[in-house]
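*Asks:* The lines below spell out each chain.
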Amino acid sequence: MGNLVFDIAHLLAGLQVLVSFLLLYQDRLGALIRVFALQAVLLALSVAWQAYAQDAPHLYVTAAIALIFKVLIIPVALDRMVVRLGIHRQVETVVSVGPTMLAGIGLVGLSLVVMLRVTAGEADALAREDLAFALSVVLLGLLMMITRRNAVSQIIGFMSLENGLILAAAGARGMPLVVEISVAFSVLIAFIVIGSFVFRIRERFDTVDVDALERFRGGRG
Amino acid sequence: MPASAITSAASAPALQLLVAGIVALVLLAAGAVPLARKAGGSALVYGAAAAICVLVLGTALSSLGGAPASLILPPGLPELGGRLRLDALAAVGLDGDGLGGAAASPFALGFPPGCAPGGAGGGASPPGAMPATSRRRNGCCPSIPPSWPA
Amino acid sequence: MLPFYPAFLAGMMLVVLADDAFTFLFGWEFMSLASFALVVSHHGVAENVRAGLVYLMMAAFGTLALMLAFGLLAAGGEGVSLQALSFSAMRAHGPTPLAAAVVLGLALLGAGSKAGLVPLHVWLPLAHPAAPSHVSALMSGVMTKVAVYGFIRIVFDLAGPPAWWWGVPVLLVAGPTAVAGVLYALMQTDVKRVLACSTIENIGIIFVGLGLALAFEANGAPAVAALALTAALFHVVNHALFKSLLFFGAGAVLVATGEKRMGMLGGLIHAMPQTALAMLVGAAAISALPPLNGFVSEWLTFQAILLSPDLPVWGLKMLIPAVGALLALAAALAAACFVRLYGIVFLGRPRSAAASQAREADGFTRTAMASLAVLCLAAGILPGPVIDALQGAVAPLVGVRMTGQGHLAWLSIIPVAEGRSSYNGFLVFVFIALSASLAALAVHAFGSRAVRRAPAWDCGFPGDDPLAQYSAESFAQPLRRVFGRSLFAARETVTMPPPGDMAPARLSVSERDPAWAFLFAPLGRAVSALSGRANAIAHLNIRNYLALVFGALVLLLVVLALWA
Chain C
1 MGNLVFDIAH LLAGLQVLVS FLLLYQDRLG ALIRVFALQA VLLALSVAWQ AYAQDAPHLY
61 VTAAIALIFK VLIIPVALDR MVVRLGIHRQ VETVVSVGPT MLAGIGLVGL SLVVMLRVTA
121 GEADALARED LAFALSVVLL GLLMMITRRN AVSQIIGFMS LENGLILAAA GARGMPLVVE
181 ISVAFSVLIA FIVIGSFVFR IRERFDTVDV DALERFRGGR G
Chain V
1 MPASAITSAA SAPALQLLVA GIVALVLLAA GAVPLARKAG GSALVYGAAA AICVLVLGTA
61 LSSLGGAPAS LILPPGLPEL GGRLRLDALA AVGLDGDGLG GAAASPFALG FPPGCAPGGA
121 GGGASPPGAM PATSRRRNGC CPSIPPSWPA
Chain B
1 MLPFYPAFLA GMMLVVLADD AFTFLFGWEF MSLASFALVV SHHGVAENVR AGLVYLMMAA
61 FGTLALMLAF GLLAAGGEGV SLQALSFSAM RAHGPTPLAA AVVLGLALLG AGSKAGLVPL
121 HVWLPLAHPA APSHVSALMS GVMTKVAVYG FIRIVFDLAG PPAWWWGVPV LLVAGPTAVA
181 GVLYALMQTD VKRVLACSTI ENIGIIFVGL GLALAFEANG APAVAALALT AALFHVVNHA
241 LFKSLLFFGA GAVLVATGEK RMGMLGGLIH AMPQTALAML VGAAAISALP PLNGFVSEWL
301 TFQAILLSPD LPVWGLKMLI PAVGALLALA AALAAACFVR LYGIVFLGRP RSAAASQARE
361 ADGFTRTAMA SLAVLCLAAG ILPGPVIDAL QGAVAPLVGV RMTGQGHLAW LSIIPVAEGR
421 SSYNGFLVFV FIALSASLAA LAVHAFGSRA VRRAPAWDCG FPGDDPLAQY SAESFAQPLR
481 RVFGRSLFAA RETVTMPPPG DMAPARLSVS ERDPAWAFLF APLGRAVSAL SGRANAIAHL
541 NIRNYLALVF GALVLLLVVL ALWA
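Residue numbers (our numbering), protein chains in the order written: chain C, 1 to 221; chain V, 1 to 150; chain B, 1 to 564.
Since the hints were made in silico from the structure, they are not lab data. Some hints could be false.
[Stated by the list, open to error] Using C-beta positions, here's what the derived DEER-type ranges look like:
1. His10/C x Ala60/B: 51 to 61 Å
2. Val374/B x Leu73/V: 30 to 40 Å
3. Ser186/C x Leu560/B: 22 to 32 Å
4. Leu553/B x Pro34/V: 49 to 59 Å
5. Leu553/B x Ala36/V: 48 to 58 Å
6. Ala36/V x Leu53/B: 19 to 29 Å
7. Ser186/C x Leu553/B: 15 to 25 Å
8. Pro34/V x Gly551/B: 53 to 63 Å
9. Ser528/B x Arg34/C: 48 to 58 Å
Model, not experiment: these values are computed from the prediction. The C-beta atom is built at its ideal place from N, Cα and C for all residues, glycine as well.
Can you build the whole structure from these sequences, using the hints too?
*Replies:* Here it is, written out as structure tokens:
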């Protein structure tokens, strides 16, 4: 039984990393949002499985929050945002997909090396694997934020990064529910704030390409 | 030892007098803010500073050969307080402070307020070139007619 | 600026009374900031603002060095209690030899930058003259002494027994400081700047005394150490007296004429006889002429130097006489410097309208100057009681006190042994007074009392132009040619108009301070180059900032992966 619990948790976390890679090579905004929703589904499943495995009922609440916010509300809102902004549906990249994927592979390797080494002999195997995958998801989210021009895809990178944090929190036992709820809400608020900013940027500058902001800041970048 | 209490283990009256002098100078500095605009304000401040410096000088001179005294005042870091000590070396230093202050304050009384030292720097002013009329004049200094005999 | 004056005084007193590092540094900063405010009190003049900025930077640097020194001294204690910051705790557990050596270096940097040791002196000739004269007097006469006090407190009192070589860096800095200071003074043409530069020289003399005390104390000659430390402290008192006096005189001249350029002054002895007399006393005292006080302290320093052959260490046997030679050179140059200052400002004929119409200073000013002049004379004639009074401070620091001098017959002082050397200021005074009066009597008895006024120099100058007199620049020219070429890169350029042109010929002199050219200017360039580079970071876009965060994160993870 213990082996099966570990395997399923491993599978779900690994699937999240895989989906992070899927996020990296999407070239359509619509597809990007739906892949993000898929990752959120996997996150909810993963957290729910942790709740079952650790016999921690409060994690079910976390899973529910992830399901409601990240699978339903945020993707729908993003979809509507894209429609209302009327931006073209292509994801504009700074670094092309190939090198980004290679960098992503390197990051996953790095996070595995770091996590397995640092936590050696301290936590149980379940938590260690989970943490390694969670760190990978975080790093891939960050990578996505810096290799995309479009503000919407940066939001998705940020949300994906936050998925990784929740995964890590669920894997590490004893994380209080209050903290998770507050993290979830703060992410939602961050989403709202960023979203409204995107609208403002769009109103002002007629684009959501963040590089366009540079010209108005008088920067040299 | 508790920092909040004034421990006068070996605090001679001389040291307390000196502390009073420093406090008086600080209060004088605070009081000088409104006084600076009044007519006799600067005379009052310099006069008081001179009096305090004379007091400090006298106290320091009299404690040149005395035993060290120390005092812990409440203001300062926690656990530490503000520690003061008057030994012979400090007395020599205070002699210098008091002497300088006691001499400079009366001098400042005679020094007209707002007399700016001219902007002339230490650069070599070439001999042979003396613009007697185009020199900066300060408000405090006697005005000199430019018709000085060449 | 009025509120800062009492605050400045309070800060200086607090430093001296402090018995823990926090109070000390608090007072030190109080003093620095208040004096900074006084320096920039005439902030309309761009030069004063620059002086204030340079001063502020040097003050911050000095405080940093002192803070580190206190940190090292406090670190030896057990636990992390704040009580370790008290001086008594520092005394209780001396620092390790290595820490004590670093503390010595930091104290030289921290206190030395405030006192004006070369090459940390650059702020001093800028800031001291920029302040009003009474503040200049306090900064030069008293604040530098507070810095000396800080050095003595840290090195002699808190850092434990000195190692044999501690005197070496102090002497190596102090000797050149004395000579460079007076050379700077000789090159200046601004009265207050001359005085500020001469402060550097006197700080050098004081630190020579301190270095000697360290060297003798560490090498088993505490009695000579007591002599050297007494000499240093005596010079501290003396310099406070005559430098204040000279700055007051400069202030009086400035008020009377509105001028502090020497090339615009002259002949003031007629208009301001009392100021001139007081300034003469001050100038003689700072030139170390007997029977005034400056002579006594420098003489005591030389007595300690002359005992250096008794030292067991060869390096010190060689170094100390060399420093003595520097000191002798500095004393001679100081005399030249003050002959120049006094001669140009007070003697001769006025070089400007302002100088010709000067009035004597007011009563307060004259009283302040007269009392200081009397004190200079008193300390020179009666050095014995002063030396005895200083022993209370000397004895705890080097363990021995000098033999009592106050009770000796005819007010003599005998620092070492009767067969060796003694000095009697009173007899010198009586002799000088008697011979001078006799000479005056003789001159008046046998000479003609008639005064004949005639053109002094008429060769080539038909008019009676006061500018044909010796000037500050021309007086300094021989010395500038000897020392200035190599040390200050002094250049004289003569611009001669072509024949037929009515423009005046010009002789201009340019110098540069090697400390600026080789230490501070490269430092400034390096800082501005670095900040120019760093400035680029302020103009990135969001993604670049994120990339920076990301890069830092990945770098740290890689480090973790490699190390863990």
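*Asks:* Taking the hints in turn, state whether each one holds.
*Replies:* Going through the hints against the structure:
Distance hint for His10/C and Ala60/B: a CB-CB separation of about 57 Å, consistent with the stated range 51 to 61 Å. Separation of Val374/B from Leu73/V is about 37 Å and conforms to the stated range, judged on CB atoms against 30 to 40 Å. Between Ser186/C and Leu560/B the CB atoms are about 27 Å apart, so this pair conforms to the stated range of 22 to 32 Å. A hinted range of 49 to 59 Å holds for the C-beta pair Leu553/B and Pro34/V, which are about 56 Å apart.
Checking the proposed 48 to 58 Å range against Leu553/B and Ala36/V shows it holds: the Cβ atoms sit about 55 Å from each other. Separation of Ala36/V from Leu53/B is about 24 Å and conforms to the stated range, judged on CB atoms against 19 to 29 Å. Checked against the hint of 15 to 25 Å, the C-beta distance between Ser186/C and Leu553/B comes to roughly 20 Å, which is consistent with it. Judged by the Cβ atoms, the range 53 to 63 Å given for Pro34/V and Gly551/B holds: they are separated by roughly 56 Å.
In this structure the hint that Ser528/B and Arg34/C lie 48 to 58 Å apart at CB holds, the actual value being about 53 Å.
Of the numbered hints stated above, none is contradicted by the structure.
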